[in-house]
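Protein chains: 4
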Amino acid sequence: MPSPKEIVNVMMASDYFSQWLGIEVLDITEGNCRLKMQIKKDMLNGFGIAHGGIAYSFADSALAFASNSYGQKAVSIETSISHLVSLVENDVILAEVVQQSNSHKIAIYTIDIIHAITLKKVALFKGTVYKTDKNW
Amino acid sequence: MPSPKEIVNVMMASDYFSQWLGIEVLDITEGNCRLKMQIKKDMLNGFGIAHGGIAYSFADSALAFASNSYGQKAVSIETSISHLVSLVENDVILAEVVQQSNSHKIAIYTIDIIHAITLKKVALFKGTVYKTDKNW
Amino acid sequence: MPSPKEIVNVMMASDYFSQWLGIEVLDITEGNCRLKMQIKKDMLNGFGIAHGGIAYSFADSALAFASNSYGQKAVSIETSISHLVSLVENDVILAEVVQQSNSHKIAIYTIDIIHAITLKKVALFKGTVYKTDKNW
Amino acid sequence: MPSPKEIVNVMMASDYFSQWLGIEVLDITEGNCRLKMQIKKDMLNGFGIAHGGIAYSFADSALAFASNSYGQKAVSIETSISHLVSLVENDVILAEVVQQSNSHKIAIYTIDIIHAITLKKVALFKGTVYKTDKNW
Numbered sequence: 001m002p003s004p005k006e007i008v009n010v011m012m013a014s015d016y017f018s019q020w021l022g023i024e025v026l027d028i029t030e031g032n033c034r035l036k037m038q039i040k041k042d043m044l045n046g047f048g049i050a051h052g053g054i055a056y057s058f059a060d061s062a063l064a065f066a067s068n069s070y071g072q073k074a075v076s077i078e079t080s081i082s083h084l085v086s087l088v089e090n091d092v093i094l095a096e097v098v099q100q101s102n103s104h105k106i107a108i109y110t111i112d113i114i115h116a117i118t119l120k121k122v123a124l125f126k127g128t129v130y131k132t133d134k135n136w
Numbered sequence: 001m002p003s004p005k006e007i008v009n010v011m012m013a014s015d016y017f018s019q020w021l022g023i024e025v026l027d028i029t030e031g032n033c034r035l036k037m038q039i040k041k042d043m044l045n046g047f048g049i050a051h052g053g054i055a056y057s058f059a060d061s062a063l064a065f066a067s068n069s070y071g072q073k074a075v076s077i078e079t080s081i082s083h084l085v086s087l088v089e090n091d092v093i094l095a096e097v098v099q100q101s102n103s104h105k106i107a108i109y110t111i112d113i114i115h116a117i118t119l120k121k122v123a124l125f126k127g128t129v130y131k132t133d134k135n136w
Numbered sequence: 001m002p003s004p005k006e007i008v009n010v011m012m013a014s015d016y017f018s019q020w021l022g023i024e025v026l027d028i029t030e031g032n033c034r035l036k037m038q039i040k041k042d043m044l045n046g047f048g049i050a051h052g053g054i055a056y057s058f059a060d061s062a063l064a065f066a067s068n069s070y071g072q073k074a075v076s077i078e079t080s081i082s083h084l085v086s087l088v089e090n091d092v093i094l095a096e097v098v099q100q101s102n103s104h105k106i107a108i109y110t111i112d113i114i115h116a117i118t119l120k121k122v123a124l125f126k127g128t129v130y131k132t133d134k135n136w
Numbered sequence: 001m002p003s004p005k006e007i008v009n010v011m012m013a014s015d016y017f018s019q020w021l022g023i024e025v026l027d028i029t030e031g032n033c034r035l036k037m038q039i040k041k042d043m044l045n046g047f048g049i050a051h052g053g054i055a056y057s058f059a060d061s062a063l064a065f066a067s068n069s070y071g072q073k074a075v076s077i078e079t080s081i082s083h084l085v086s087l088v089e090n091d092v093i094l095a096e097v098v099q100q101s102n103s104h105k106i107a108i109y110t111i112d113i114i115h116a117i118t119l120k121k122v123a124l125f126k127g128t129v130y131k132t133d134k135n136w
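Residue numbers (the working numbering), protein chains in the order written: chain B, 1 to 136; chain L, 1 to 136; chain C, 1 to 136; chain U, 1 to 136.
Since the hints were derived computationally from the structure, they do not count as laboratory data. Glycine residues also receive a C-beta, built at the ideal position from the N, C-alpha and C atoms. Do not rely on the hints blindly, as some may be mistaken.
What the hints assert, rightly or not - Stretch by stretch, here's where chain L covers chain C in the computed footprint (C-beta under 8 Å, at least three residues): (1) 39–52; (2) 87–93; (3) 118–129.
What the hints assert, rightly or not - Chain B is faced by these chain L residues, among others (derived, beta-carbon under 7 Å): (4) PHE17; (5) LEU44; (6) GLU89; (7) ASP133.
Said to hold, decoys possible - Here are a few chain U residues that sit away from chain B, every Cβ distance over 10 Å (derived from the structure): (8) SER14; (9) THR29; (10) LEU84; (11) GLU96; (12) HIS104; (13) LEU124; (14) THR128; (15) LYS131.
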């Protein structure tokens with residue numbers, strides 16, 4: 001079985017959207033990861049702040065990396081996000097993952113999106129994944 | 001008060017992320033809109049399918065347009081999405097909005113993401129917005 | 001394999017909480033059911049309206065009956081509910097189930113809670129279940 | 001303005017459903033509370049475990065007490081719960097509240113339901129409330 005680092009490298013190599021977002025993988029271990037990215041102009045919405053889809057996408061990438069890190073392919077089935085604080089251009093955010101459960105076929109993760117400077121929680125994400133029978 | 005169409009035009013003019021996504025507004029009325037977009041290579045994830053953040057972002061733009069269409073600025077506070085069917089490059093999707101409630105300060109919308117050819121539901125989105133005291 | 005009606009009868013026989021709620025099964029077919037119940041004094045909260053847990057519990061029973069009706073035991077993993085309209089003592093409510101997806105191991109249902117007289121939507125519920133390897 | 005303890009006493013006095021559940025308020029401060037309850041036979045479902053509505057209702061009471069503790073009446077608008085571990089008759093559970101945000105009109109809380117003996121997380125609850133203009 002490949003290591004968490006090898007798996008995330010393979011995933012990132014063809015994860016064109018995470019590449020577009022500029023996501024950096026700071027750390028990856030079994031069931032966990034730490035990610036970083038910066039808000040750029042193309043991520044803003046009509047209010048001049050980061051589109052809600054940006055924090056969601058960042059968290060969803062963290063969910064994918066953490067939940068696939070064991071080598072078993074896992075797919076997201078249900079996710080939710082609460083937006084707490086607005087983000088503006090050049091803000092840097094971190095994703096902090098907590099694995100809440102990990103049974104045979106289902107795992108649940110909560111992911112806090114944190115502003116890298118103020119350390120305020122920007123968004124609260126929860127994701128449920130289904131662990132398929134396929135391996136990386 | 002500007003019309004729904006005028007508001008969405010103003011929003012889209014500086015909504016760089018919806019522009020990047022290639023979102024087309026097919027129709028916009030008070031509390032509703034119909035959107036269309038096409039999956040492109042930069043939207044794919046490590047599984048070779050559209051990143052979960054793409055359907056979410058598309059639905060979140062629909063939420064923003066529908067809930068701001070009355071002229072009162074509204075911001076998303078809580079959203080969830082269930083991913084039902086994978087999307088691949090070149091697939092075209094539609095957003096269909098239903099306003100579920102609309103009180104003084106809070107409104108709730110459900111948004112189905114539909115595959116434009118098969119008409120299958122691709123994702124189910126629900127969003128709760130807070131209506132601020134500011135107008136467009 | 002027992003019929004949907006036989007399964008729900010077995011479930012209800014030891015579902016003491018659904019019995020306490022006074023849930024009536026109006027109809028049960030594969031992947032669907034229609035339920036009815038009445039708000040009683042013991043269901044009220046400190047605001048003099050039905051506790052949020054009442055509409056949730058009613059919807060969660062509908063989720064259990066609909067998702068177990070095929071004969072394969074299914075358990076709820078993630079659920080959400082939006083409360084739209086308050087309920088008072090003696091109000092009668094209905095649960096209307098829509099199966100949104102039904103794959104090998106995962107199924108997703110949305111359930112509208114409807115006021116039986118005004119026909120207004122009282123609450124919007126979404127539930128994701130995991131289909132186990134055990135049968136009824 | 002009444003104290004958090006006075007408010008929760010007034011709420012509990014007519015919260016017949018929380019009384020039926022046997023909820024005990026261990027502690028109540030501004031924006032927080034600690035609750036305890038025991039699973040009884042009338043709370044079981046057709047699987048012989050606690051009905052999903054029980055953990056939800058317990059968490060929803062915690063949300064109500066914590067969010068109303070400032071003296072301003074607050075109502076739940078959107079909630080979700082993930083069920084991690086089954087509960088059986090006589091199990092004792094605790095509710096642990098974290099206030100995630102608290103703005104002028106909206107507040108968001110996460111509530112972990114904990115098994116009092118094993119200290120395992122039984123369920124993860126998130127609730128968004130709207131703060132009305134009325135006071136207790």
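Which of the stated hints cannot be reconciled with the structure, identified by number in ascending sequence? Result: hints 1, 2, 6, 7, 10, 13 and 14 break, sorted rising.
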